[in-house]
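K.L.:
Chain by chain, the residues:
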Amino acid sequence: MNPALIQLAIEVAPQVIALLKDAFRRDNPDAQSPTDTEIIAAYALAFQSSMARDAEWLARHPEG
Amino acid sequence: MMQPRKLALVFCLFFAAGLALEQGCAKTPPTLSPAAAVAFQNLQVQKSIDTIRDVAIAANATEPPLISTPSTRTIVTWHQSALVVLKARETGWVSIVSTSLDEALKHLKPEERSTIGPYVTLAKTILHEATK
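Chains as they are written, first to last, in my numbering: chain F, 519 to 582; chain V, -18 to 113.
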């Protein structure tokens, strides 16, 4: 197997596992539901930080 | 011909995607207001498309790079637009995100597409399930 592929798999594995765990998450009746404010704030923060990561990568790799 | 280990990795990812489709994604808590329910779904979808961008960036950083810098730029630029489309949530946004991803992938070399392919399948599964 290509060593670079193994390197990639190792690097992205935690994120893929987190994504799958989130997808398989079952409702726990004992767990406290997040509030509207928490959910809206979490999304706003995730949106801003993800856009910032794109902008930062593009700035470090200018076209041409 | 695909190597057995690579084939096994691809199989595992497709199996997980299939299982996610079968089981369904985390459901929106029924107690949320409409605005918070949309934010909850957006968060789920964003995580899946962030994964595609993050895998592309990680694949560009390997030695040698598994995905070239121009191809990674295509994915990162698509991702930026997809986030804006997701946030706006205009009619047909799921289809727009999915179709624009397919278009972006056409600019990648076949071996680059095969590197990122399993992660794209996984993200698309979650994209469609999270919005059901």
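Where hints are given, some of them may not hold.
27 Å max Cα-Cα, derived DSS-like pairs, lysine-lysine [stated by the list, open to error]:
(1) K68/V with K113/V
(2) K28/V with K8/V
(3) K539/F with K90/V
(4) K87/V with K8/V
(5) K105/V with K539/F
(6) K539/F with K113/V
(7) K68/V with K539/F
(8) K90/V with K113/V
(9) K8/V with K113/V
(10) K539/F with K8/V
(11) K68/V with K28/V
(12) K113/V with K28/V
(13) K90/V with K105/V
(14) K8/V with K90/V
Quick caveat, the hints were computed from the structure, so don't treat them as lab data.
K.L.:
For each hint, tell me whether it holds in the structure or not.
P.N.:
Here is what the structure says about each hint:
Simply put, K68/V and K113/V have alpha-carbon atoms about 17 Å apart, close enough for the 27 Å limit, and the pair holds. Our distance criterion of 27 Å between C-alpha atoms is met by K28/V and K8/V, whose separation comes to about 15 Å. Taking the CA atoms of K539/F and K90/V, the gap is near 31 Å; set against the 27 Å cutoff, the hint is violated. Of the pairs offered as hints, the one joining K87/V and K8/V is violated, with about 33 Å between alpha carbons and a cut-off of 27 Å exceeded.
A C-alpha spacing of about 16 Å is found between K105/V and K539/F, which places the hinted pair at or below 27 Å, so the restraint holds. A threshold of 27 Å between alpha carbons decides the hint, and for K539/F with K113/V the separation of about 19 Å falls inside it, so the pair holds. Annotation: proposed proximity of K68/V to K539/F holds, straight-line Cα distance about 24 Å (limit 27 Å). As the CA atoms of K90/V and K113/V are separated by approximately 33 Å, the hinted pair breaks the 27 Å bound.
For the hint pairing K8/V with K113/V, the CA-to-CA distance comes to about 9 Å; that is within 27 Å, so the pair holds. In summary, the hint linking K539/F to K8/V is supported, as the alpha carbons are separated by about 13 Å, within the 27 Å threshold. For the proposed pair K68/V and K28/V, the alpha carbon gap of about 13 Å is at most 27 Å, so the pair holds. Pair hint K113/V plus K28/V holds up; C-alpha atoms about 16 Å apart against a cutoff of 27 Å.
For the proposed pair K90/V and K105/V, the alpha carbon gap of about 20 Å is at most 27 Å, so the pair holds. Between the alpha carbons of K8/V and K90/V the distance comes to roughly 36 Å, so the proposed pair goes past 27 Å and is violated.
Hint violations for this structure: numbers 3, 4, 8 and 14, all remaining hints satisfied.
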